[in-house]
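Chemist: All chains should be built: construct the whole structure from the sequences, respecting the hints.
Chains as they are written, first to last, in the numbering used here: chain A, 1 to 734; chain H, 1 to 229.
None of these hints come from the bench; they were simulated from the model. Careful: at least some of the hints might be erroneous.
[Claimed, not checked] Distance condition first, Cα-Cα at most 30 Å in a straight line; then the derived DSBU-like pairs of lysine-lysine:
(1) H:Lys35 - A:Lys294
(2) H:Lys35 - A:Lys334
(3) H:Lys129 - H:Lys195
[Claimed, not checked] A partial selection of chain A residues facing chain H, derived with a Cβ cut-off under 8 Å:
(4) Gly153
(5) Met425
(6) Ala428
Heads up, the beta-carbon is just placed ideally off N, CA and C, and yes, glycines get one too.
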Amino acid sequence: MARERPVTPEVVREHGLNAQEYDLILDIMGRAPNLLELGIFSVMWSEHCSYKSSKKWLKTLPTTGPQVIKGPGENAGVVDIGEGLAAIFKMESHNHPSFIEPYQGAATGVGGILRDVFTMGARPVANLNALRFGAPEHSKTRHLVAGVVAGIGGYGNCVGVPTVGGEVNFDASYNGNILVNAMTVGIAPADRIFYSAAAGVGKPVVYVGSKTGRDGIHGATMASAEFGEDSAEKRPTVQVGDPFTEKLLIEACLELMATDAIVAIQDMGAAGLTSSSFEMASKGGSGVELELDKVPCREDGMTPYEMMLSESQERMLMVLQPDKQDLARGIFEKWDLDFAIIGRLTDSGRMVLKMHGEVVGDLPIDPLAEASPEYDRPWLPTPTQDDDDPAGFTPSVRPAEALKRLMATPDLCSKRWVWEQYDHMVMADTVARPGGDAAVVRIHGSNRGLAMASDCTPRYCKADPERGGAQAVAESWRNLTAVGARPLAITDNMNFGNPERPEIMGQFVGCIAGMKAACEALDYPVVSGNVSLYNETNGQAILPTPVIGGVGLIDDLDRIAGAALPGPDETIVLIGDTRGHLGASVYLRDVEGSAEGAPPPVDLAAERRNGDFVRTQIQGRRVSACHDLSDGGLAVALAEMALTGDCGADISEGTAAAGNLPPSAWLFGEDQARYLVTTGDAKALLAAADKAGVPARAIGKTGGDCLILAAGEAISLVELRAGHEGWLPGYMSR
Amino acid sequence: MKAAVIVFPGSNCDRDVQVALRQSMGSEPLMVWHKDSDFEKVDLIVLPGGFSYGDYLRCGAMAANSPVMKEVVARARKGVAVLGICNGFQVLTETGLLPGVLMRNADLRFVCRDVRVKVETSQSLFTAKYEQGQAIRIPVAHHDGNYFVDDDTLSAMEDRGQVALRYCDAAGEITAEANPNGSLRNIAGVYNETKTVLGLMPHPERLADPRMGGSDGRALFDGLVEALR
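Modeler: See the structure below:
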């Protein structure tokens, strides 16, 4: 190691470790680490890998329930979906790399989350993506949108997993830090789930997949720091994806998993070979010895430091049953993938790294893993605001005009331009395509399905983190309910600014508290997740964005609902209480130009009651369409239903009966726990609601070719559609 | 009817077409790995969609030169029916079994959406169960579906009725708006001269089950089963 730099205080700083952390390293090692060892500590203790700022709070989230097979702590969460099957899913961020190099950053984000899921034995059946970009007028936004969407498509389309849903939003707070959160859902036999704990002295450690290159070195460390002016110079830390190899890796791994050859398996994600080998040995209470000269390398002369810290994609590490090595090798050779035995398990409790027979690194496993710093960072609660009284509200625009504008805003416009670039139908099981409340994917070979959606309303989280956190979980639950699914569990992707600032940490703490309350009230536990902090550029933080990825079960695909208005002469029924809450609404922000006010309160008991009622009605086939109310309230929900079904509606009767509520508050207020449904038998539905104690009222009828919001407030579907479908393609071609 | 689906590394619609064939055949098609060029005699060979060999050179170019394709080409020349869907169509043009090329979509973007295609004739193994002129709804999902062929070949193809399908609107009109990728004369699928080989960009196997929101694709498989019984 003649070329190796000595470990100076400057080198320690470059590795993102502070003085106390370095003292701890000296303590654990009993000597000064060499550069390789320092590099390993640095990635293992990075925020990205160690959750050092967030662990204390994440632990408070509910993670159990009768449906939970495996909660947080593995590559992905596992829930029971009956008939001997399990759904395995997780969401993960690839924010920093996607800002630096949008195509590859987003593509490798998809690749990474797919590996997290098939590592556990599941065939991936669906991808979703929650994307947040800067203001449309910002000079980089268009380039980032084009690159990220192409990258997600380029990867997902090639591996042949449908991209069925997600979100795309814009806000100036993301100008310097976009969010690319990718989610994969897979299905596995419930009795054949694969974990990462590796035990058994002498068992071979096997490397499969792509070769190791010099890409992505220190990606995890980059993802754990703020951006400055030099962020573009970090491009070499972004990895390059190869979806073709990933597709082969999926097939080869699933083929091997059908045998009993695998003791443990772990994908090489963030911090590559380092974190995968540590994880396996640490969880299994073993030691590990690696011969790094056996690692398949893309280029000559790679150092142990580069091999251990590379984040080259499409690689997996496995521990195999010794007598099954040849079987495994045969499968990987069939798929033309590298297969190399690079080490073995030991009982030393240490990670020993050798190169050409010489020991180049020697670290204790448990002390390193267990002593990873855990911070109780100081935090400041976000000041709460009073709820506004809508009664005195005077709008500046008439409702029909406001609706027309809202439907053509960057946040509420159709995202067709995005999802038509994703293959959302490959695997031929996509029952409900992108654009609805939740996507529905058939469980292959059955008449059952999984519903899935991603949700977050960051402006609520900014204004009141606790309400915002609860609302994100509630909306996820509502979206699954609106298609007729029984919500099972969530994965969370916590995107925040710099946790070393108390007000940012306060946002994190607040959101967690809200999420916890909602998860508990809705029996909707967290089974996996990811934290992305330091989403700041030059001190400007993103909106707090705890994205919730929800998965629900549909027992009978003949009993689901879609959002499309089914045709004329159906009665439109509004479920839930409408108080006209305009604080923090898109209407105030995008029509009235005011981002003020408290977000709507979240009444979790009402969420549960109203949602359970709606689901029962869908399953009983007593409603012909259903849509949840969220951004833009009643009017936007109705407009989306009308455009999807190409059928008009008249709710002037309901608006007239709204009493003292100003029409704008009635139409655009964002009160929670609400749904719009249509039915041919309003009397029966209202009676059932009354019996269940659920607020419900008939507000109008379907039919015609325009929306009539109130007397004299009509707008044609043609006009509405032009703006709704036109904004994004128009923006992207400017 | 006996059918084989060729599986290349990177094929990803092999299972989808397997399901559609099974539904129409009532029995299992043979799944043939690309390294197995010696597979049993079948009446229909299907080249599925996907990204064979990663499509890293040019879509379908590497697959066209694989050992199994030598065998497929030889059998096609003897009259065995061959159906190439999406990437399979690209492979067929690369082997020369079908004329023309599939270039990058005119707007340079991947496109996945339902389209309508007009069935030019019902006088083929593949379209016997459709009406001539019928506009069927099935999805496309491709980055390189922009069909092109030189003028002389095109007019010869038109004369021989080798254009199988054209992108159209709901009323069956061949319009520029209905063309998702810039294909010459809205061409979505073509036959060889004997109409025993069909290549098409849209995916009939994806809308062959009402549960998926449509079943216009099913008649293609039903028709093949009946014709090749």
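Chemist: Of the hints stated earlier, which fail here?
Modeler: The structure breaks none of the hints.
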